[in-house]
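J.: Residues per chain are reported as follows:
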Amino acid sequence: MTKLTGFLPPALARPFAALGGVLFLIGAMLPWATFLLNDGPYPDKATLQFFDAPLELTGYRWNLLLFGVFALIATFAPTPAKARVLRAFGWGGLVISAITAIFIVGKGGGLGAITSADGNVAFGSIVGIIGGIVLILGAGAMPLDDVPHWSTKVFGLDGWAGRLAAWAVLLVAFAAMLYLVSLTLTAGGIGGAAFPYAGPIFLAFLGFAGGLLGALHGLGITGWIARLSELHRAFSIVVLLLCALALPFTDAGSQYWMQVAATIGVYAATAIGLNIVVGLAGLLDLGYVAFLGIGAFVAANLSGAVASTVGWNLPFPLAALISAAVAGIFGAIVGSPTLRVRGDYLAIVTLAFGEIFYRTAQNDIGNLTGGASAIPGIPPISMFGTAFNESVTLLGTELPIGVLYYFLIVLVVAAVMAVFANLKNSRIGRAWIAIREDEDAARAMGIATGRAKILAFLVGATLAGLAGAIFVHKLGTASYDSFKFLESVTLLAAVILGGMGTIPGAVLGASLLFVLPEKLREFEDYRLLVFGLALIFIMRFRPQGLVPDRVRRAEFAGETAEGKSIEEIQEQAVLEQEAELEREHEAPATAKETGR
Amino acid sequence: MGTLLQQIANGIVLGATIGLIALGYTMVYGIIQLINFAHGEVFMVGAFGGLAIYRWVLPESWQEQWYIALPLMLLGGVLVAVVIAVLMERFAYRPLRNAPRLAPLITALGVSVALQEAIRLWFPDADAAQPFPRVFIDKQIDLGPIEISASGLLLIVVSIVLSILLQAYVSQSRMGRAMRATSQDRDTARLMGVNPDRVIVLTFVLGAALAGVAGVLYGSYITNVDNSIGFQNGIFAFTAAVLGGIGSLRGAVIGAFIIGLIKTLGGQYLPGGTQYDYVWIFVVLILVLVFRPQGLFGDVERVRA
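Chains as they are written, first to last, in my numbering: chain A, 1 to 596; chain B, 1 to 305.
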């Protein structure tokens, strides 16, 4: 991206950007495929027809059309940080066009499918791709202005009026976010044999959502919202929680999507736990999924399942607490070598512990894990006289089966987030970050590093154990096979992809890594290959992840990261630092802390 | 008594395999302090390279003649392993050479997963275990109370000979001296006219060649291969390298024989039997890392942990 800056003379910047926008418009109008796809017409009309469903927001044509219009507006209207905004639209349109083109080529058997064949012509995708490149080039020739900094005094209002205005803005922003999440989740529908187009539609929509968010970031709006929500913390948390609980009332409120969302929630909670160990304390844990497994097996044995050896039937909250506690104890045991071992050697020790857990669970140690036959028949959670696998009626709406698990998971994830956020800003959290940055210096500063490191393992494992207890009830079976090494790698990939040490990062990473396989069932075989390659590419090109931590010198976002992204992080850090200072009730000591 | 001797023999064969892999681990760690997690997969890819030669290159009349088939398969295995290792050094590790230490380790994990999956997806039929040609296996050699297959014996001989040759190369040759210099202090070595990039590539090449040889010989010893042999044996080899003292060639080979014996004897005599033989190796790994991270022959100063 940076290499494209200054490639064109500045005089050509605006014409190129405008041309790119026009090409998007033309591309959206042109036919995209020269044939009817084998399994019926490609959704959103790959053939000569135009919109069948003009209000279908996830259609790639509609998305491209919008980007074309937006790009033209941004080119000619006085837009702040014009280059950033246009660049985001360019990349978004490029991704939409390229993904759709690749899919049509794959399905249509060759490049003829997107050019001309049998007397039909279809240059839509190529025009879209060229439009994207032209737009990016045009944006690259513009001066790269700073992201505008919007005042947190909304509309210049003070006092209660200002507060209400800020609340209104946040409400709108979070509602829009809920809508975007619901659209993204359902974009393309359920993958697999039932609907083979799910993958490309979903990926193209991700391109759209990414482009849109990039443009909003360029306009300074996402940063503004972030600072506003920082200022009105309690209000934001409540609204965000309500938004998450409102998801079943949107289009995503079907049994299938609730199940997917609940599964994502389990892994998100686990990923946040892992993020404490890896992201905050900088201790690479390659056997983390074992704690999810320990929680799962303990809960299975306390669930009253006939096949379990212990077979106690405890109420779920108690069983969940015991599972979390047992997992936490094992976490402290696994963490104890940190007293003597560091860095990559520690990573190998955790891997060894993970493998020991896997092998012993496989061999049904003490008849506790069921071995190869697993522990089947675990009853659903039952609280307040309701079994969690039933549908419920709430506010006059019949909600699908599985929605109770979703609600429970949302609450657990919220609780885990609260634990993470409070720990991060606490004395122990600062100790962890200090250890991550330089363990010897931290020790010299009087931090009891050994105790802090074991505590990181303990807390992380406890959270994973809690998630495991829900996981096993939701699944109904506890099998050692759910806890293999590759699951640890996947969780680690989620944390790294999202961004180490940040909450949105862990949630975003877990969502992406566990939604994508649902959408791309057709390519399920390639899932692990893509994970492996993704790990390599993230480490190479964006080691700080999608949502980077504001403390720049995180263990993975070293000095080797591209200059561009470091600038961005620094910029964000400066802005957030200002926001910190803006806070009236801020104690001076804390401000100094975050501003380092 | 017969069982004990037989298990010792099995353990030595396993140790010979692990040793060849462990040498690559220990050399790479010695030079760039990287736990090349994907080294086990280089071994696995080598085995599949040998298999590919046998299946698609050798004419049928040569397949039965081990003195033609085996050298060609070894050549193929080594070639594939070396190419993969050089590519991964160039495109995955080299760009991260000055990155924080955990970054290349995660990259190595990624390479490992990607290679396993690539073989499973694209090597024909490799989604299940593949029978490895019995070019050398059919002869069982009777040594009194124990019986050992000819390919097992070959594995032991080749492993020992190659280890000695490698030791000689590193301690005697000009490039070997450059390797030792780079491992001690890369910047000073550069000042003395050593090209560290070349030395590092050479290290990867040597390690991969040994792993490739091990892959083909191990394949013909156990007579079937799948895409997971690299991960398991890679962990064993890493344990061996740590046990022997990472960075020490002699230590890696001796550590490998100890690990081989722990696995076979532990599976025979310790509670839990063969189902738990992996567990004992991981226990040894943890104990060594925690209580003696410099290993049996390691240099205390070299160990950061």
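None of these hints come from the bench; they were simulated from the model. Remember, predicted model here, so these are calculated numbers, not experimental data. Here a beta-carbon is modelled for each residue, glycine too, at the ideal position from N, C-alpha and C. Treat each hint with caution, since some may be false.
Unchecked claim - The following label-pair restraints were derived from C-beta to C-beta distances:
no. : chain 1 : residue 1 : chain 2 : residue 2 : range
1   : A       : E437      : B       : F291      : 19 to 29 Å
2   : A       : G304      : B       : P95       : 50 to 60 Å
3   : B       : L287      : A       : T250      : 35 to 45 Å
4   : B       : A128      : A       : D146      : 50 to 60 Å
Said to hold, decoys possible - Here are some chain B residues pointing at chain A (derived, C-beta under 7 Å):
no. : residue
5   : I35
6   : T107
7   : I164
8   : A168
9   : V170
10  : R174
J.: Against this structure, judge whether each hint is valid.
T.: A quick look at each hint next to the structure:
For the pair E437 of chain A and F291 of chain B, the supplied restraint of 19 to 29 Å holds, since their beta-carbon distance comes to about 28 Å. At roughly 54 Å, the beta-carbon separation of G304 of chain A and P95 of chain B lies within the given 50 to 60 Å, and the hint holds. A hinted range of 35 to 45 Å is violated for the C-beta pair L287 of chain B and T250 of chain A, which are about 54 Å apart. Distance hint check for A128 of chain B and D146 of chain A: the Cβ-Cβ separation is about 57 Å, which falls inside the suggested range of 50 to 60 Å.
Because the smallest distance between the Cβ of I35 of chain B and any Cβ of chain A comes to about 5 Å, under 7 Å, the interface hint for this residue holds. Interface hint at T107 of chain B: satisfied, since its Cβ lies 5 Å from the closest Cβ of chain A, which is below the 7 Å cut-off. With a cut of 7 Å, the hint placing I164 of chain B at the interface with chain A is violated, because the nearest CB-to-CB distance is about 28 Å. A cut of 7 Å between beta carbons decides the hint on A168 of chain B: the least distance to chain A is about 30 Å, and the hint is violated.
Among the interface hints, the one on V170 of chain B is violated; its C-beta lies about 23 Å from the nearest C-beta in chain A, farther than the 7 Å criterion. For R174 of chain B, the interface hint is violated, since its Cβ never comes within 7 Å of a Cβ in chain A; the closest pair sits about 31 Å apart.
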